[in-house]
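**Student:** Listed here are the chains, written in short residue letters.
Number of protein chains: 2
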Amino acid sequence: MSTYSARQIHLVSRPAGMPEHDNFKMVEVELTPPETGEVLVKNLYMSVDPYMRGRMRADAVYAQAYGLNEVMYGGAVGEVVESADSSLQAGDIVLNGAAWQDKFVAKANTLSKLEPFDRDQLSLYMGTLGMPGLTSYVGLFKFGEPKEGETVFVSAASGAVGANVCQIAKLKGCRVIGSVGSDAKAQWLLNECGVDAVINYKTCGDLTKALADAAPDGVDVYFENVGGDHLQAALEAMNPYGRIAACGMIASYNNSEPAPGPNNLMLIVGKKIRINGFIVSDHGEMRDEFLSEMIPWIQQGKIKSRETVVDGLENAVDAFLGLFSGENFGKMVVKI
Amino acid sequence: MSTYSARQIHLVSRPAGMPEHDNFKMVEVELTPPETGEVLVKNLYMSVDPYMRGRMRADAVYAQAYGLNEVMYGGAVGEVVESADSSLQAGDIVLNGAAWQDKFVAKANTLSKLEPFDRDQLSLYMGTLGMPGLTSYVGLFKFGEPKEGETVFVSAASGAVGANVCQIAKLKGCRVIGSVGSDAKAQWLLNECGVDAVINYKTCGDLTKALADAAPDGVDVYFENVGGDHLQAALEAMNPYGRIAACGMIASYNNSEPAPGPNNLMLIVGKKIRINGFIVSDHGEMRDEFLSEMIPWIQQGKIKSRETVVDGLENAVDAFLGLFSGENFGKMVVKI
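Protein chains in written order, with my numbering: chain H, 1 to 336; chain S, 1 to 336.
Please note that the accuracy of each hint is not assured.
Each computed DSSO-like pair below joins lysine-lysine, with the alpha-carbon atoms no more than 27 Å apart [unchecked claim]: (1) H:142 to S:142; (2) S:271 to S:170; (3) H:304 to H:172; (4) S:113 to S:335; (5) S:147 to H:142; (6) S:147 to H:272; (7) S:302 to S:170; (8) S:142 to H:272; (9) H:172 to H:272; (10) S:272 to H:172; (11) H:172 to H:271; (12) S:107 to S:142; (13) S:272 to H:142; (14) H:335 to H:302; (15) S:209 to S:170; (16) S:271 to S:172; (17) S:272 to S:172; (18) S:170 to S:202; (19) S:304 to S:271; (20) S:302 to H:272; (21) S:304 to S:147; (22) H:147 to S:142; (23) H:302 to H:170; (24) H:272 to S:271; (25) H:202 to H:304; (26) H:147 to S:272; (27) S:302 to S:142; (28) H:147 to H:172; (29) H:271 to S:271; (30) H:272 to S:272; (31) S:335 to S:107; (32) H:271 to S:272; (33) H:113 to H:304; (34) S:271 to H:142; (35) H:335 to H:113; (36) S:271 to S:147; (37) S:304 to S:335; (38) S:142 to S:271; (39) H:271 to S:142.
To be clear, the hints were calculated from the coordinates, so they are not data collected in a lab.
Build the full structure now, drawing on both the sequences and the hints.
**Tutor:** In structure tokens, the structure reads:
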């Protein structure tokens, strides 16, 4: 394989329901060597995230839909291999939006040079220090606004976003309840992350009752990653003037037919609840503040990160599909 | 009937689904003449409002549930007949929370003395100048936050709250779309109130399509009085960063079994929508500002009020039930 040979994963058909391998295709391409102002980057890690499912829809709401028979994209961290721009040198580490490919050529000014706090932990920039971590921080502080002593409920609580929400809320003096889909995840949150109570939604029976039991003082802030039954239970448990930071509703992402929502939305009125949908890309101005708090927390061992690292671009589709069956534990990344 | 004889309407059983006459009973009582600090009030008008249905539930969310075999309560305007307190004299007009009875004795300091802008329009203090009017004002400005030129969608648009929302939003330079349940209501909003487009949800077919057609530039603010299909349609039509002021969801108030919610709640995330449930009683601090704007608007003919006046306390239950079948046109009041 020459220096300029690259492998890309293309979307070749739009999934109906759960995506399948046939919706994707690995394509080999020959890149053009970088011209003035451009660099050649070799990706080291890429992120797979639930929001990518939305971009596979023709009527994507979040952002532009992925084109058919084109390479997909998303967050990645790579190393500059060859540079034709004075701002970057070979060996520099760059954050980029060019996931789903092992190498690419881009204008240097579309990349974000990274001074990693630890070169052996680059994958953290896909998770705790990356988009999912910033999502946790923005959602919790800008929209959840928890006060010390309040109760915070987090769905998908061991996930890339949820685990940070849980731990940041604990650091801010809240009582934290998480919901997860396996006992191993529950144990990690309880024993390693200091979460106060964890519900395994797959085995707890009636989720509304389980949450009521876990939150005897009610829920003040709900960090919404799941939707459906989780939203229903949260509304039931919430205290007056509760806040919901609506980050995602993964329960519905692969529905081919939309599923009905909770039957207790009237509680939004009666309890004077505020709900804010948000997208992290609107809140880049909080990134410096976020990193200035998060890096010391990681260095001091106050924030734990779990990752599931899948090896090889050729396994990236499997990694992505695993997000929806809960096979990942913590942040799912692909090592390229 | 003596000066101290009063008639009261009691709740004698809790309705399952739509309330029936058997749930209520007219009771005659003999009042104790006012002692020092008290007054005897004869009510002139009382309000019937959808929120009262919530108070008939044992598990009322809004406020304390009505007691069984006790007089119900709610907003009313009355005249002092006899006073044993220096702050009020016979003939004074007082706002009170003692609806569902024609006379009552109360401490003077629990009543709010009114200097009516027009003694022949006292019933307006139950509607446009009362709780429903203030609800419109608070919901629109504090939570909807419409900007000039934006599109505001209002459900139950000819109702006591909705009609004011529509007209205030027009005065503030918005494009206004209302939804109502009869052509007569639609014509009134279009011809008398200057609303830009009105949908008759009973005859329009697919409400989501009707709203999309009526709002070619999308909806920026949704004033939610209905829930269910209306919320679904509004979410579909809303622009990014849209705001929903959630005032009520009358579609569900008489359900004996809760109905599922909209199937497109994920749009809250994708469109970064904010929803605020609210209760007007939390926002009394806006009342002076509200009246200082609203009274001139009424005097200048800029805000029109429709009322359905039902005569006689003995017909108050019918008036209340009429709220749910849409029989009222504008604010439903009972003349006592």
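**Student:** All the hints need checking, so say for each whether the structure fits it.
**Tutor:** Status of the hints after comparison with the structure:
no.: 1; hint: H:142 to S:142; result: holds (18 Å)
no.: 2; hint: S:271 to S:170; result: holds (25 Å)
no.: 3; hint: H:304 to H:172; result: holds (15 Å)
no.: 4; hint: S:113 to S:335; result: holds (19 Å)
no.: 5; hint: S:147 to H:142; result: holds (23 Å)
no.: 6; hint: S:147 to H:272; result: holds (23 Å)
no.: 7; hint: S:302 to S:170; result: holds (10 Å)
no.: 8; hint: S:142 to H:272; result: holds (13 Å)
no.: 9; hint: H:172 to H:272; result: holds (24 Å)
no.: 10; hint: S:272 to H:172; result: holds (26 Å)
no.: 11; hint: H:172 to H:271; result: holds (25 Å)
no.: 12; hint: S:107 to S:142; result: violated (33 Å)
no.: 13; hint: S:272 to H:142; result: holds (13 Å)
no.: 14; hint: H:335 to H:302; result: holds (26 Å)
no.: 15; hint: S:209 to S:170; result: holds (24 Å)
no.: 16; hint: S:271 to S:172; result: holds (25 Å)
no.: 17; hint: S:272 to S:172; result: holds (24 Å)
no.: 18; hint: S:170 to S:202; result: holds (25 Å)
no.: 19; hint: S:304 to S:271; result: violated (34 Å)
no.: 20; hint: S:302 to H:272; result: violated (31 Å)
no.: 21; hint: S:304 to S:147; result: holds (22 Å)
no.: 22; hint: H:147 to S:142; result: holds (23 Å)
no.: 23; hint: H:302 to H:170; result: holds (10 Å)
no.: 24; hint: H:272 to S:271; result: holds (21 Å)
no.: 25; hint: H:202 to H:304; result: holds (24 Å)
no.: 26; hint: H:147 to S:272; result: holds (23 Å)
no.: 27; hint: S:302 to S:142; result: holds (22 Å)
no.: 28; hint: H:147 to H:172; result: holds (8 Å)
no.: 29; hint: H:271 to S:271; result: holds (23 Å)
no.: 30; hint: H:272 to S:272; result: holds (19 Å)
no.: 31; hint: S:335 to S:107; result: holds (23 Å)
no.: 32; hint: H:271 to S:272; result: holds (21 Å)
no.: 33; hint: H:113 to H:304; result: holds (25 Å)
no.: 34; hint: S:271 to H:142; result: holds (17 Å)
no.: 35; hint: H:335 to H:113; result: holds (19 Å)
no.: 36; hint: S:271 to S:147; result: holds (18 Å)
no.: 37; hint: S:304 to S:335; result: holds (20 Å)
no.: 38; hint: S:142 to S:271; result: holds (20 Å)
no.: 39; hint: H:271 to S:142; result: holds (17 Å)
The structure shown violates the earlier hints numbered 12, 19 and 20.
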